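Residue numbers (the UniProt record's numbering), protein chains in the order written: chain A, 1 to 215; chain B, 1 to 215; chain C, 1 to 215; chain D, 1 to 215.
Because the hints were derived from the structure by calculation, they are not lab data.
No experiment lies behind these values; they were computed from the predicted model shown.
Don't be surprised by glycine CBs; every beta carbon is placed ideally from N, CA and C.
Incorrect hints may appear among the rest.
Stated by the list, open to error - Not everything, but these chain D residues come out facing chain A in the computed CB check (under 7 Å): (1) 39; (2) 41; (3) 63.
Claimed, not checked - Taking CB as the label site, the calculated pair distances span: (4) D/100 to A/147: 30 to 38 Å; (5) C/61 to B/128: 23 to 31 Å; (6) A/160 to B/136: 41 to 49 Å.
Below, each chain spelled out in residue letters.
Number of protein chains: 4
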Amino acid sequence: MFVLVNLKAYPCDPVEVATAAADVADDSGVRVAVAPQAAHIDAVSETGVETWAQHVSPNEHGSHTGSTLAEAVADAGAEGTLLNHSENRLKLADIDASLDAAERADLETIVCANNPAQIGAAAALGPDAVAVEPPELIGTGTPVSSADPDIVTAAVDAAARVDGDVDVLCGAGISTGDDLVAASDLGSTGVLLASGVAKADDPRAALEDLVEPLR
Amino acid sequence: MFVLVNLKAYPCDPVEVATAAADVADDSGVRVAVAPQAAHIDAVSETGVETWAQHVSPNEHGSHTGSTLAEAVADAGAEGTLLNHSENRLKLADIDASLDAAERADLETIVCANNPAQIGAAAALGPDAVAVEPPELIGTGTPVSSADPDIVTAAVDAAARVDGDVDVLCGAGISTGDDLVAASDLGSTGVLLASGVAKADDPRAALEDLVEPLR
Amino acid sequence: MFVLVNLKAYPCDPVEVATAAADVADDSGVRVAVAPQAAHIDAVSETGVETWAQHVSPNEHGSHTGSTLAEAVADAGAEGTLLNHSENRLKLADIDASLDAAERADLETIVCANNPAQIGAAAALGPDAVAVEPPELIGTGTPVSSADPDIVTAAVDAAARVDGDVDVLCGAGISTGDDLVAASDLGSTGVLLASGVAKADDPRAALEDLVEPLR
Amino acid sequence: MFVLVNLKAYPCDPVEVATAAADVADDSGVRVAVAPQAAHIDAVSETGVETWAQHVSPNEHGSHTGSTLAEAVADAGAEGTLLNHSENRLKLADIDASLDAAERADLETIVCANNPAQIGAAAALGPDAVAVEPPELIGTGTPVSSADPDIVTAAVDAAARVDGDVDVLCGAGISTGDDLVAASDLGSTGVLLASGVAKADDPRAALEDLVEPLR
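Please model the complete structure; the sequences and the hints are all you need to start from.
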């Protein structure tokens, strides 16, 4: 299982979370990555943790003020990028162009989507993975794997119909090791989580609990 | 073949074009529809021509100022709607929600896209049809069917892989009857056209020429 | 006082509300206008009521699919347009260009804004009027004139500092004649209202109550 | 005069340009700052140069994936931020909220705008400075100060009418010391420039030439 911790714009210390994530990944053997603010990628990747961007822009090098250039986040240490998170929905044409940008910069890609139909659409664009995130569950602490398991299996089916090679992640309400196991049982190969770790009093303990069943 | 004339924001007389389109459809037996500005749908549909919206918003009834409610365009006489035209690119989640809105209002749907990958994504959302429009050919008078026939066959293949029932239209640079025949030969079941008719000195003559090979 | 009834995307009968508004305007001598969906402008203006658009796009005639062309809404009978409603926030550059578009089409303009600073900014662009609408009060039935009278006087001041000729309207939570009088006492020359009329069981009675204190 | 070098998404080495800018600022006594990609702020500010962000998002701390949090860019070393650059036009309400975000993070602010009317609107929102950038001159090498000097003086007047304390910068086509002097003569207190330095074969020489008349 792949565990991607999205720090969003939370008021956490990104280096503290990253250091904990790097240690937990080392100790457990579970793949754990952290997606900080673009301006924190440099500092986060210095901890040795696998670092992801939360977004990259669809543009190439050129006259694009305020964009998030894929090459720049890669240069700062990112190895992958989320795209089309429910808090940052993109135009279909821009998801496609951002995937091209990520590929040029050698970034792995996860495209998020709301429901199985959109998961099928996202998979048709050829990302490395897709993540199903029913918007109504984000930030609730209610894991999609128990609140709406059918949506996960339907997402896995929709993705497989379009592209047999694409991974499917679960992306809403995940916070415990049991949620992780449930997500795996439904056919997903990873999870996106955010507040469960980033807003925890003790992010290290939260991550340790999370990966416990996978050790 | 289905011929959809998109009037965009052109300074043409929408009722004159609509009347010509209605007559040409009657005389030739070819299905011809006209997509005017939302504010002209009422007047255009009064001519008896099949009338389409250029866009509908993803929202339902409610507090949405400045939206284009699917139910309102249907009420004014529209029978279908374009979505995600290259001049009006939408978020993936909004294409999905606009398709739901169109279905509630009993509108037929065509989702436009730039290239075969996006055509596959659009088809995965379940519209009635998709239209492939390489942006670089729009408004050029160079038909996609001759400038880049491979993109049309690739789009037909991409759509079929995802949804065997979805129609594929050609949508850029079409202006003559020969273009229409070429589009049909490549596997498409219709065309979107705009300036070739809407900006013609004699829109009726342009439409008659267009459908001539289909009579 | 100017009373503008914004029908948004409500499931009301726009012609019924428009007919009531036309009658109430005639009987009371109060200026009352109705802003329906673009696709309903034609039918609404046929009732004789002063008709407004809820929005116009910043573009001129040309290749702009899915836009709301100022000339098209004027052609269908609109005499004015709202811009930048809190449910349809626009880019600063687009408010400016939409004002140009409205002027070309001879449409009166009201630019909405959240707070006095934005009211000053909107006034600097030279519209006929601005409307202050604290987002947290929209649709609440709590009139801005009583919930936050200071914001209205601050808006009137901010507008006057930038452009002495611009009118200031109150635009959130207005539903009764008393609200109208309070808005007038605070220096505004009109009100935007929506659900108070459009969702009333008897829109005519709601309008009559509203204008009663102005007769 | 304040010289702000916007690196946009250019394929330059941001640290090389930053080092040159820091040296030129030291040698000449002219205030020179560099605005890199968000992911490069950390490395650029390490050179000791005054570092700016190209943009910050309107949001506060919280659940906002893919945003550019003002606190994060400040944390990485930024001392100011551009907003509403013509390549990144913002909603009026978002310029206002991004100014609030910048203030919370103690960032200096420059709001860009197309023309004198929009400059007045931008000034009404209370930034530290505004920058006038006619879009048609950006990247041309034709300085606004010679191509259209009236637009600069009109911008200075428009800003002064609304807020006597706001600085006005010139922001399009500036590349030489003469352009800088011309901009100063028209009443501006700084310049934005980009390709003239970032795409120069020798950025240090370009900066030295630029500040030469100010020594």
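A quick look at each hint next to the structure:
At its closest, the beta carbon of residue 39 of chain D sits 4 Å from a beta carbon of chain A; the interface hint therefore holds under the 7 Å criterion. Look at residue 41 of chain D: its Cβ gets to within about 5 Å of chain A, closer than 7 Å, so that hint holds up. Hint on residue 63 of chain D holds. Least Cβ distance to chain A is approximately 5 Å, under the 7 Å limit. The given range of 30 to 38 Å is respected by residue 100 of chain D and residue 147 of chain A, whose C-beta atoms sit roughly 36 Å from each other.
Judged by the Cβ atoms, the range 23 to 31 Å given for residue 61 of chain C and residue 128 of chain B holds: they are separated by roughly 30 Å. Between residue 160 of chain A and residue 136 of chain B the CB atoms are about 34 Å apart, so this pair departs from the stated range of 41 to 49 Å.
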